[in-house]
Amino acid sequence: MHGFANPARFLRIATWATPLCLIAGLLIASAALVWGVGFGPADALQGDVVRIIYLHVPTAWLGMMGWSSIAIASFVEIVWRHPLAGIAARAAALPGAVFTALCLITGSIWGRPAWGTWWVWDGRLTSMLVLLFLYFGYMALAGATQHDEAPGQGQGRMAAIFGLIGAVNIPIIHYSVLWWNSLHQPPSLSVSGVVTGTGPMATSFVVPLLTSVLGFTLIYTGVVLARMRMILADSQAEARLRRKAMAAQARSGALAEGW
Amino acid sequence: MTGTGLRAKHQRLVLLGVALAVLLVAGLLAAWALRNQASYFYVPSEILAKPPEADRSVRLGGMVVRGSMKDAPDGVTVNFLVTDGKQQVPVRFAGIRPALFVEGSGVVAEGHWTDGLFTADNLLAKHDEKYTPREMQGMTTDQAHKAIAETK
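Here the protein sequences line up with chains D and Y, keeping their order. In case it helps, my numbering puts the first sequence at residues 754 to 1012. In case it helps, my numbering puts the second sequence at residues 2 to 153.
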């Protein structure tokens, strides 16, 4: 892991990994969407409304994975003080928030015809909305403390601590439909159900759905890598400007002394 | 790296691990304390065991018993039974029913519990975790697997 903490090595890998993830992700995700929406089966009870699942489940997965990656990166940032970990956590926040919002929007659009309501305050929907607000809080905190000297120290550590505390919500989202009676249905996908093909969801839904999850995950990874490169480039440009300003100051100081 | 640097790193690792464990236990305790309050609806056996006051607005959830749905002569009122597998209670609703509200499927009714009858002001259809293609509707699981095997 220490090897990846080197920004120069990270940039060498990210240079080709970013476009690779983005292009492969776009191709796989659009193939899965065309497959599921255009050629997949309609559900026996829901009819064509079921097709929004190929967008809803990947966005929900990435909303939760986004915060999980913030939490893991924050842990590494605090314990090992890897500068790249803090950058990774900050880069993961915005795409995570976008996917969480998309999950809430697509779920709401599905809920109106399926349940008969746009929104209810049950355990799953409420904890997912809390996740969106946690993202907003994290981005505000990370933005307010980003100009501190070193990551993992001083005020820069506050965002990392917030990222770790917020991770408590992730298991709550997952178990909300099992602990409490909720309008949202319990999980349809499980490892054993997918492998044996006997889960509650028929295989003709599972295959395009998992393809879509893979495609959107690659897109998410590509966006996070691109944002990490952006943050690195920003800090490099800032450091260069600071050096220039200091050199100019030193020169004018020397001139003043010479007179 | 010096010895003190390593020690500080391990100290942070242990401290953070303990803090996270405490945080997780606190979160689980809070969720456990919420287990009744955070439920979105009562199921029939709960509402029979501990009936809410008649003027309180509550939600009742469960499966619509097959063959129990009966339309009243006025054309808008429907009577049906809701079950949680253990007990069942009668529900009356007058209004527009959601499209997925059918016998044998999940339902959440919002309304009042008075003298053994649940009067619903609003009905929400609850979808379960099962997703079945329209072509395989009515087949048993074995039949469906046979149908899939034949097309391969």
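Heads up, some of the hints might be wrong.
Claimed, not checked - Listed next, the stretches of chain D that the computed footprint assigns to chain Y, with coverage defined by at least 3 CB atoms under 8 Å from CB atoms of chain Y: (1) 782 to 789; (2) 835 to 847; (3) 984 to 990.
Stated by the list, open to error - A few chain Y residues that don't get close to chain D, going by computed Cβ distances all over 10 Å: (4) R36; (5) P74; (6) V79; (7) K87; (8) Q88; (9) A95; (10) L125; (11) K131; (12) T133.
Said to hold, decoys possible - Not close to chain D: a few residues of chain Y, all C-beta gaps over 10 Å, as computed: (13) L24; (14) S40; (15) L49; (16) G86; (17) L118; (18) H128.
Bear in mind the hints are in silico, worked out from the structure with no lab data behind them. Everything numeric in this text was worked out from a predicted model, so none of it was measured. Every residue gets a Cβ at the ideal spot worked out from N, C-alpha and C, and that includes glycine.
Right, here's what the structure says about each hint:
{"no.": "1", "hint": "782 to 789", "result": "violated (count 0)"}
{"no.": "2", "hint": "835 to 847", "result": "violated (count 0)"}
{"no.": "3", "hint": "984 to 990", "result": "violated (count 0)"}
{"no.": "4", "hint": "R36", "result": "6 Å, violated"}
{"no.": "5", "hint": "P74", "result": "25 Å, holds"}
{"no.": "6", "hint": "V79", "result": "14 Å, holds"}
{"no.": "7", "hint": "K87", "result": "14 Å, holds"}
{"no.": "8", "hint": "Q88", "result": "15 Å, holds"}
{"no.": "9", "hint": "A95", "result": "15 Å, holds"}
{"no.": "10", "hint": "L125", "result": "5 Å, violated"}
{"no.": "11", "hint": "K131", "result": "4 Å, violated"}
{"no.": "12", "hint": "T133", "result": "4 Å, violated"}
{"no.": "13", "hint": "L24", "result": "6 Å, violated"}
{"no.": "14", "hint": "S40", "result": "4 Å, violated"}
{"no.": "15", "hint": "L49", "result": "15 Å, holds"}
{"no.": "16", "hint": "G86", "result": "13 Å, holds"}
{"no.": "17", "hint": "L118", "result": "21 Å, holds"}
{"no.": "18", "hint": "H128", "result": "5 Å, violated"}
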